[in-house]
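Trainee: We have chain E already, so just place chain G on it with the hints.
Number of protein chains: 2
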Amino acid sequence: MEAPAAAAAESSNNTNTNGGGAEDEGNTGGSSWWRLPERVWLSAVRSAETVARIARDDPRRVAHSLKVGLALTLVSVVYYVTPLFNSFGGSAMWAVLTVVVVMEFTVGATLSKGLNRALATLVASSLAIGAYKVASLVVRSEEAESILLVVFVFFIASAATFSRFIPEIKARFDYGVSIFILTFSLVAVSSYRVEELMPLALQRTTTIFAGVAICHCTTILVCPVWAGEDLHKLAANNLDKLAEFLEGMEIECFGENARSKNLEGKNFLHAYKSVLSTKDKEDSLCTVAKWEPFHGKFRFRHPWSQYQKLGTLCRQCASTMEALASYVVILTKSQYPEANPELCLKVQTTCGQMSLHSARALRELSSAVRSMTTPSSANNDLSAAMKAANSCRNELLEDAAQLQVMHIAVIGSLLSDLVMQINEITESVHNLARLARFKDPEKTRNDVVINVKT
Amino acid sequence: MEAPAAAAAESSNNTNTNGGGAEDEGNTGGSSWWRLPERVWLSAVRSAETVARIARDDPRRVAHSLKVGLALTLVSVVYYVTPLFNSFGGSAMWAVLTVVVVMEFTVGATLSKGLNRALATLVASSLAIGAYKVASLVVRSEEAESILLVVFVFFIASAATFSRFIPEIKARFDYGVSIFILTFSLVAVSSYRVEELMPLALQRTTTIFAGVAICHCTTILVCPVWAGEDLHKLAANNLDKLAEFLEGMEIECFGENARSKNLEGKNFLHAYKSVLSTKDKEDSLCTVAKWEPFHGKFRFRHPWSQYQKLGTLCRQCASTMEALASYVVILTKSQYPEANPELCLKVQTTCGQMSLHSARALRELSSAVRSMTTPSSANNDLSAAMKAANSCRNELLEDAAQLQVMHIAVIGSLLSDLVMQINEITESVHNLARLARFKDPEKTRNDVVINVKT
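Protein chains in written order, with the working numbering: chain E, 537 to 990; chain G, 537 to 990.
Don't read these hints as lab results, they were simulated from the structure. Fair warning: there could be bad hints in the mix.
The list treats identical chains as interchangeable, and a pair is accepted whether it falls inside one copy or across any two copies.
Unchecked claim - DSS-like, lysine-lysine: derived pairs with alpha carbons at most 25 Å apart:
(1) K845 to K817
(2) K975 to K845
(3) K882 to K845
(4) K882 to K923
(5) K706 to K809
Chain E on its own, in the form it takes in the complex:
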């Protein structure tokens, strides 16, 4: 019996873990320097392969890179064309800065950052000018005024920083708050130096708005990548993957040619695994999809959070599949004598029914989502599967005593697994203690004794 769920989801996505394992492999040394050119060449080839794979996996990445280049070129052109340059003034660099930080992969993320930036700049500039006016009204001397402004900066920056710990603000306005702090500090601080504060603030705000406008136009008009569309496709794909697992189960485990011995290598047994690790991607896509305007078949207020609910259910389903997969592998590997063949056959038949009909129901749902048509409300496959599930439960319940022993046996078996896992944990802690040079308790005790003696 393998440990179910979560653990598997981890293996797919741990670049960090691999990237940082250098501590353990310190003694590969004794490098032969004359093979250096060969090594350099090999690593160059490997890098090129990585780049090609990343581009092939999602060609929109290449398009995005070129889009960033394009947006920056547009800003530079604005800067170079002198009449425009004059109207933007020396703060044209703010447009460049805006483009670099605002351009994101999806339309939603770019819009969200751009609007955050524009709004935060406006609010912060107004507030800073207000603070400047208050300071100049309250005190007379220039020193006192600048001290008051620094005090304002201290308190407003602290309060705004704290607000970033509030989950609601963190989720939607994190970037906006940091721009707010930046702009407020800059305008408040520069107020002491610059006589004409209002025109400066106005000029900078205009430049930033121009930068944001260039970003928004580029991201929407040139090969747009809609977060909402990605989220929608992800939902349909998840449903398909769940169906794939059940189809495989039906054919390989409960069908006529069932009881094949080598299940572990089969693809269908891993179909659900990628579903388990979709949560983060789904959440971030959903957050930014809410900023996207009407596009394709999606309205502005499309019910994006429904996709999160659906995703949670799919992941729950996938983790039950994980448990199921490990039991099936054990069963096909074991060489038990046939016991209670009647019950086994009955359960096997209903299992086949359940898998087949559930898979069909899922396929219907995924194609409904894909084509954005309402799935038929009288789903025959689902009701057939539910019927089979009930009859399976009844068959098992018939022998209630059997069921109790089964539950106790499963608990015993899971606990034995736990002990083995704790054994691994112990080894891991010992490794950590060795590598991190933890104190040796024996030695420490001796030291203490010696200290007492001396």
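Mentor: Below, chain G alone, put in the same frame as chain E:
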């Protein structure tokens, strides 16, 4: 039988889901405007409570907010004190900008961002000056020169943006690359306007270094929050939580007062749940901990990635516990007649042994990690648990036929669960179809028919 693992981990951390559920609750309306002041007051109280809770949960958040305020104040003072201001020139704003974006919660994150920023600025300025020199050597006319520079900006920005999709670069240098693009574009573009490029680039780089230095001093000297220490504590806490679950199991399920009926409300049954969702936190802490210098008991090259390995094992353990918890709850709720009481008693006793000894072994490990002492290598508790696990397995294997029926029954039971979950998925897709106004296939077909007729 509940679906194991992942699903539970999700419930703990879904502010986004709740935050965005507004679509579904559109009809709370009919608001009575005279109750507006009351509502405003209530929501103000609620916000104050949230803020107080966030501050109480981790007082270091308040310290961090004040630190950001302090760092900005320091920069502002530098700006106001005129002799210093002259040496920094008009680019003092770059120091403000640096402080706002570089100050992070943990020392490691601040160091990582600061070093990224400093290094990227240096490299990008040099490269941009190089590009400027090349452009002025290759072509004669000013127009051609600026066109060439814009072309440089386009290609370098595109290539650098693409490099952010490479996982290794994304993990460690994402911020650095974005600063690289920014600085390169700014310097390359401004080269056309500013005659003395070198002094300008030098001045800006110096200012940014000063900002980074202020951030690093503030973050290390004033209430430092070490990511490494948090990671270390997280590991010990996870071990304790696993132990807590097993201790509860021993007392409530296998001990002398076992078979208590109301297990579901017990705390210990949820002890492991927070362990399941620690992966993201662990990964990000580990990434930044690697940037931290020697502090407390931690060396510079402390084996941080070991904590990730330990964390993966702990989460695997927690997901087995999840499966175990659901079986235990079912068993204590069920009213089966006693079947094979001899086997049940035997398994129960060994289960008690396994839980007790495993819990003790885990407690020893957690206290070893906490005090950073090597755990004793001859762990008596672990070997006792292993012995009990083996004897439990043997007891179960004695009745092999029983075991086969058990596995088949478990598979049948898991599949029935799956069908019920797919039923929920179906409902969720129907909800989505309704809210997103999917096309009705019937209607569409009729439309087509009409179209054909006309």
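Trainee: Give a verdict on every hint.
Mentor: Outcome of the hint check:
Both within a single protomer and between protomers do K845 and K817 lie at most 25 Å apart by alpha-carbon distance, with minima of 14 Å and 23 Å respectively. Within a single copy, K975 and K845 get their C-alpha atoms only as close as 49 Å, which misses the 25 Å cut-off; across copies the closest is 21 Å, which meets it. Proximity of K882 and K845 under a CA criterion of 25 Å is satisfied in neither setting, with 35 Å inside one chain copy and 43 Å between copies. Proximity of K882 and K923 under a CA criterion of 25 Å is satisfied intra-copy only: 14 Å inside one chain copy versus 37 Å between copies.
Taking the shortest Cα distances, K706 and K809 sit within 25 Å of each other only across copies (24 Å), while inside one copy they are farther apart (30 Å).
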